[in-house]
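Participant: Going down the list, the sequences are from chains A and B. Residues 50 to 169 in this note's numbering are what the first sequence lists, from first letter to last. Residues 587 to 718 in this note's numbering are what the second sequence lists, from first letter to last.
These are calculated hints, taken from the structure and not from any lab test. Take these hints with a grain of salt, some might be off.
[Said to hold, decoys possible] Under the rule of at most 25 Å between Cα atoms (straight-line distance), these lysine to any residue pairs were calculated in the SDA-like manner:
#1 Lys616(B) x Lys100(A)
#2 Lys84(A) x Leu615(B)
#3 Lys100(A) x Thr667(B)
So the chains spell out like this:
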Amino acid sequence: MILRAIALKDARETALTSCGSGTIYDIGAVYTGVKAYAGLHILSSSTGGLKVRLQNSSSSGGGGMTDVFAFTCSAQRTAQWLTPLTTGTLSSTFQRFWRSVHEMTTSGESYKFVPFVRIQ
Amino acid sequence: MATVHFRNAVILAGGFDLSGDHNGITVDLKAEMLDETAFGDSTRIHKGGLTVADISGKGNWDAAAGHVDRILFDLVGGDDTVVTVFPNGITEGTLTLMGFSMKGVVEHYNVGGDVGTLLPFDLAIMGRGIEA
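My request is simple: use the sequences and hints to build the entire structure.
Facilitator: This is the structure we're talking about:
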């Protein structure tokens with residue numbers, strides 16, 4: 050299968066050097082009959098580790114953001130493709146506003162990465 | 587969204603951005619056609635079958651670290667390379683300019699050309715057809 054990928058963060062050109070979260074986007078909710086897919090490309094690495102999570106909420110303002118996808122912490126260039134989720138495997142459905150959150154295990158690290166999501 | 591001046595494709599394979607090594611990329615999604623024709627029909631009757639996805643690319647060969655030769659040579663035949671192609675840069679959160687992503691297996695990586703030219707390469711990645 051092939052997905053239509055929606056990037057939640059474009060950190061290809063300038064490496065990020067501190068923990069943070071991306072902009073909230075209206076991607077769509079996970080309704081019955083569709084699945085949520087997520088992937089991540091880590092394009093440069095550092096000595097510690099990068100952990101990326103994808104969160105969603107019913108609020109465009111970011112209130113009540115909850116983790117939906119959590120990628121494995123990695124200190125290497127790699128790509129990950131997670132098991133898709135359905136309404137049966139999501140704790141909260143019908144939440145259409147999404148963002149990415151990135152954390153670094155120690156200060157002074159830098160990473161380039163692109164997380165993406167798709168509801169289809 | 588309007589037409590695209592095709593000059594800013596983004597090609598991500600595993601942990602590498604191979605955009606700068608490529609000068610051509612094709613995403614191909616197709617369905618096998620099943621022949622449902624029976625006696626008495628006056629036209630060929632087709633029925634949609636299994637879908638198949640693959641991505642093929644070409645460009646100028648580069649053996650430096652982080653470039654195409656160092657990466658693709660080791661990927662040939664290996665399963666589950668995550669490949670993502672954005673046709674016109676990356677715009678965060680857009681539903682109108684999405685990329686294409688799949689888990690695939692590098693089916694071939696060819697290097698070779700004619701005298702006097704930049705040494706070209708081409709590759710094909712076949713979709714694994716799996717969800718996870």
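Participant: Next step is simple, just say for each hint if it's right about the structure.
Facilitator: Each hint tested on the structure:
1. Lys616(B) x Lys100(A): violated, 35 Å
2. Lys84(A) x Leu615(B): The given pair, whose Cα atoms are some 20 Å apart, holds under the 25 Å limit.
3. Lys100(A) x Thr667(B): holds, 20 Å
Violated hints amount to a single one, hint 1; each of the other numbered hints is respected by the structure.
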